[in-house]
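*Asks:* The sequence shown runs 129 to 254 under our numbering.
Read the hints as simulated data drawn from the structure, not as lab findings.
Mixed in with the good hints, there may be bad ones.
Stated by the list, open to error - In the DSS-like style, the derived pairs of lysine-lysine whose C-alpha atoms are separated by at most 30 Å in a straight line are:
1. Lys195 with Lys218
2. Lys162 with Lys195
3. Lys218 with Lys162
All of these numbers come straight from a predicted model, not from anything done at the bench.
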Amino acid sequence: MSTSTMSTNAMSTDTLPTDSMSAITILAPITLAKGYTEQDLLTASQNFQRDFVANQPGIVRRELVRKPDGTYLDIVQFRSQQEMLDVLEKEQCSEAASAFFSVMDLSNFDPEEEMETYVSLETYQR
Numbered sequence: 129m130s131t132s133t134m135s136t137n138a139m140s141t142d143t144l145p146t147d148s149m150s151a152i153t154i155l156a157p158i159t160l161a162k163g164y165t166e167q168d169l170l171t172a173s174q175n176f177q178r179d180f181v182a183n184q185p186g187i188v189r190r191e192l193v194r195k196p197d198g199t200y201l202d203i204v205q206f207r208s209q210q211e212m213l214d215v216l217e218k219e220q221c222s223e224a225a226s227a228f229f230s231v232m233d234l235s236n237f238d239p240e241e242e243m244e245t246y247v248s249l250e251t252y253q254r
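Generate the whole structure from the sequences, applying the supplied hints.
*Replies:* As structure tokens, this is what we get:
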């Protein structure tokens, strides 16, 4: 999301919050693979949402955004640290996830690099 850029190998529980019930947000960067368009990404993202994300109760919300430089972010919020780890593990063997990741340029992706996570302190509603 791109959870593609989310590898459980890169998750260090030492850097995650001690309060395991805090919501966790990740900002997964996405660069399109050569030959793919934004429409391809949107289609793959919609399929991924329908076939994988919608079946993961640990995912609170997900948003795909375009950055000014033409790259993208997949913003994903999880209910807790443990639920994030559970989803990331399931993602590793998901055909829907593989199809989503196939439109991404992962040539600079290092699965051993630690992924940044953000702990929710407060959530405000309109």
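*Asks:* Lys218 and Lys162: Cα distance at most 30 Å?
*Replies:* Holds - the C-alpha atoms of Lys162 and Lys218 are around 27 Å apart, at most 30 Å.
*Asks:* Straight-line Cα separation of Lys162 and Lys195 no greater than 30 Å?
*Replies:* holds, 18 Å
*Asks:* Going straight from one Cα to the other, do Lys195 and Lys218 come out at no more than 30 Å?
*Replies:* With a Cα-Cα distance of about 28 Å, the restraint between Lys195 and Lys218 holds, given a limit of 30 Å.
In this structure, every one of the numbered hints holds.
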